[in-house]
Amino acid sequence: MINRNPQLNENGALQHLLTTEGLPLSMLLHILDSAESFVGVTERDVKKIPLLRGKSIFNLFFESSTRTRTTFEIAAKRLSADVINLNIAVSAQSKGEALLDTVDNLSAMNADMFVVRHAQSGAAHLIAKHVRSGIHVINAGDGSHAHPTQALLDMFTIRRYKHDFHNLRVAIIGDILHSRVARSQIHALTTLGVPEVRVIAPKTLLPKMVERLGVHVYHDMAKGLKDVDVLMMLRLQNERMKGANLPSAEEYFKYYGLTAEKLSLARRDAIVMHPGPMNRGVEIDSAVADGKQSVILPQVTFGIAVRMAVMSILTGNQA
Amino acid sequence: MINRNPQLNENGALQHLLTTEGLPLSMLLHILDSAESFVGVTERDVKKIPLLRGKSIFNLFFESSTRTRTTFEIAAKRLSADVINLNIAVSAQSKGEALLDTVDNLSAMNADMFVVRHAQSGAAHLIAKHVRSGIHVINAGDGSHAHPTQALLDMFTIRRYKHDFHNLRVAIIGDILHSRVARSQIHALTTLGVPEVRVIAPKTLLPKMVERLGVHVYHDMAKGLKDVDVLMMLRLQNERMKGANLPSAEEYFKYYGLTAEKLSLARRDAIVMHPGPMNRGVEIDSAVADGKQSVILPQVTFGIAVRMAVMSILTGNQA
Amino acid sequence: MINRNPQLNENGALQHLLTTEGLPLSMLLHILDSAESFVGVTERDVKKIPLLRGKSIFNLFFESSTRTRTTFEIAAKRLSADVINLNIAVSAQSKGEALLDTVDNLSAMNADMFVVRHAQSGAAHLIAKHVRSGIHVINAGDGSHAHPTQALLDMFTIRRYKHDFHNLRVAIIGDILHSRVARSQIHALTTLGVPEVRVIAPKTLLPKMVERLGVHVYHDMAKGLKDVDVLMMLRLQNERMKGANLPSAEEYFKYYGLTAEKLSLARRDAIVMHPGPMNRGVEIDSAVADGKQSVILPQVTFGIAVRMAVMSILTGNQA
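Line by line, the protein sequences give chains A, B and C.
Sequential numbering from 13 applies to the first sequence in the numbering used here.
Sequential numbering from 13 applies to the second sequence in the numbering used here.
Sequential numbering from 13 applies to the third sequence in the numbering used here.
Honestly, the hints are just simulated from the structure, not real lab data.
Be aware that one or more of the hints could be misleading.
To be verified - Derived DSS-like pairs (lysine-lysine); straight-line CA-CA distance at most 27 Å:
1) B:K60 / A:K60
2) C:K141 / B:K304
3) C:K235 / C:K304
4) A:K266 / A:K215
5) A:K304 / B:K174
6) C:K238 / C:K304
7) C:K238 / C:K215
8) B:K215 / B:K174
9) A:K220 / A:K266
10) C:K220 / C:K174
11) C:K238 / C:K174
12) A:K141 / C:K304
13) C:K60 / A:K60
14) A:K174 / A:K220
15) A:K274 / A:K304
16) B:K60 / C:K60
17) A:K274 / A:K238
18) C:K235 / C:K215
Keep in mind it's a predicted model, so treat the numbers as computed, not measured.
My request is simple: use the sequences and hints to build the entire structure.
Okay, structure coming up:
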C-alpha cells in the first residue's frame, strides 16, 4: 500500500499536521474531541498540565507572526513543554544557512516538534519529509497553501455552536485566491460532511476552477449569504489592496464588507467567524465583529485548546 | 458611592496597577510590606516559588524597553508564571490591528495579566477599562504619564534606608516635564507623608503649574539640595538633548549634573537614586553614581521584589 | 601565588568559562566527563533535570546569533533554569547604556550566570572581572578571540570517535585568521595532548607567527591532509569573501573546499567536523558534509550536553 498522506504513518497515526487535505474524518474528529478536554484545562485556575514536560518545541517562524506564534507558545507552555522561539528571517537565514541545514541542526539538539511558518507553500511538507522519525511538524501557515490549525479551530467552533455538520450552509467570504485559511477550511468542511460550502468573492480574488474543490461560487453577497448558517470571513491582506486586484478598501467594503444589513440576509442564528487580525471597516464592520452573532473571540480561545490537542496527539502522550 | 479609582474594585482591592495617583496609603504600605518577603525569595539559592504556577502573563510592549521587560519577566518567572513576550511594534500593530483587538485576542487566550508599556499616555488605563474582570493590568510606563512600579521600588528603597517617610526632604532632579517616573514618585511620596518634596530643574524642563502637585520648585541645585535626605535623579532622554529645551549635554551637566561637589550640599547621609539607565556625565557623574551614597543598584534588586509583590497581590494569591 | 587564570578561583575551581587557553588538562577532562552524563539526559523521554531550578541565566547577546543562543537556551532549560534572552544590540545599548552598567543592572536582579556573545574580543573577560563572586560568565564567542564551548564540544566529539588524543593528527582548515573557533580548538587540542595539530589555509587567512601556537602550517590541502585523523573545517564568513583576502568563493572552493577527492587524502577513518552554519560549496562540498565520515550533526548534539556540563559545573551543583 502506498502511503499517500505524509501526515500519517503506516498505522494511520498522525505524525505531522501539514494540511487538512486528505486528513481522514476519524482523525479530524479525534482532534476535535481531544480539544474538548483541553478547553477545560484553559479554564482552570492552574492552566498547566505536565503532559509534554521535558519536550523541546521549536517555533520556527520564517515569516513573522507574533499572534500565531503566541498561540502555539501558550499551548506548548500549558502542556509544560520547553519552547524555543526562532525568528529565522533575522538570523541564520541571513547567514545563508539553508532551510534544511537549520532543521537538521535543531533536530540534532533533540527537538521533539517544529511549528513552522513560512512564506513559501510547501515548506512544512519539505521539513516533515526531511526530519527523522519521532520529530513532529505542525504547519502554522505556508504561503497560500494551508493553515490547518486555523481550520481545525474553526471546525471546533462550528461544532460548538451548530453541533452537527450535516445540515449546514457555510459561506467563506473574501480573498479566497491568496488564502491558506480558506483552502484548509474547505477541505475540513467537506470531510466533516457539510453539504453546502459557498465561496463569495470578486472574480479577481478567486482561484481558477475553484469549483473543483466542491464549493459553490458567488460573486454577490445578497445571493451568497441567503440561508447561510456560518459566515467565515477572510482577512483582506493590506498588500492586496494596493495591487491591481482591488479598486480600494472602501469599494471592497461596499460590496463585500460584512455589515449588519448584509448579515441579515443569512439565517437569523448564523454565526460570524474571522481568523483575525480583522481589518475593521474593510472586510467586516465593527457592529458585526462585536455583535451578538460574532464568535470571533471564542475562536481564539478554542484555538489554544485545539493546538494543545494536536501537540499532545502528535507526541503520542495523549491521555 | 462612585468608584473614582479604576485600579480598585468596590471592596478596595487592587485590580490593576496603573498609577500611584490616588492609590490609598494602606495599599501603598501593603505593597511595600509584601515586597519585603519577596526580597528574601530573590536571595535564596532556589529563587522560585509556585505562587503563580499556571498563570499566563503577557509582556505587552508597544514601546521597546529590554531593561524594563526583563524586570517583569524575571519577577513573573520567579513566581513560576508562564511569560509571553510580545513586542507589538514589530508585528500585529504593523498589520494594522488595533490596540484593543490585540488585547481582546490575548484575553481570549485566557490571559491572567498584561504588563503594558506604551508610548502614549493612558494606554494602560484604556486596556484596564476594557478587559474583563479577572484580568489584571500593570502599567510599565505610558508616555509621560505614569510608571508606578518604578515609583514603588523607589519608595521601598527610601524606606529601607531612611525607615520613616515623615521627616524627609526629598528632591527630584532633572527633566520633570517629560518624566512619567517623576509624576509617579511625587504622588507616592505625598501619600506616604513626606513633608517636603522638591523638584529641581531648568524652567524648560518643568511642567506648567507643577506646584499644584504639592512640590517646591527650585531652578538652582545649590539651593534645592540644601538639607535634602534623598536625591532622586531622572534620566535625561537623549532625544530631549537635541531639542530646543536644552543647550547641550555639557551645559546641562554643568548646572544640573550631580557631582560630588553638589552632593555635598545635601545632608551627609543623603542617598542618591536613579531609575536607570544612567547617562554618566550628563545627569550624574560616575563618582557619585558609583559612590558610597548611591543606592542605584539596590533599587534594581528591590524592583524585582516589588514587581513580584504587585503581581501576587493582583492575582489574589498573596500568601 | 598569583592567580593568572581569571577563570579559576584560588582552589582551581572553574568560576567562568572564557577561553580554552590556560585551562588545565584536569579541568578539560572534568568538563568532558560531565558532558557524558548529560548526553544521556538529552536522549531521555523527559529531557529535563532540576539541577538549576530557580537559577536565572541571562543570554546576553550583543551580536546576534540565533543558533548559538538557542544551544545555550536549550541547555539551560533542560537544567530547569529560568532563561532570559537579551538582544542588546537593539535595546539598552542604543540608549547609550554602557556595557558594564548593563551587567551591573542584571547582576542586581540576582543573576546567576551570563552567557555573553560580543563582537569585540575581550568582552566576556571584562564582564567576568567586573561581576561579583557567585556570578558566572560563559563566553559564547568574543570577536576573533575565543569560543570555548565550541572547542569543548569539538573535543568531546573527537574523543567519542577517536577515544584517545595522544596519537592523532588533526587539521584545522580555512580562515584561521578571523576564527575564534580555531584559536580555542588549538589551545584545547594542545592541552589534551594531540601530538600534531596542523592548520591549512591560504597565507592571507593565517595570523602572523601562527606557528607560535604550536601548530604546523600548510598552504596546500594535498600535503596538509595526508594521514590526518580529524578534519576541522572552519566557516568562511561571507563578509571575508567580499574583501581583498580572497579572490572568490569559487576560487576558494577549488583550492580549500573539502571534496570527497581531497578527503580521500586523509586517513580512511578520518572524521570531518564543522562548527556550522556551513557554506556548502564554499568550504565544504555537500557530498562530504552529508557523507559517512561527517560527524557534523553529532557535534551539535554533544554541544547541548557540553553546555549543560559547563553550566552545572559553574554553579557548583554538579551531581
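Against the earlier hints, flag every one the structure doesn't satisfy and list their numbers going up.
Structure breaks hints 5, 8, 10, 14.
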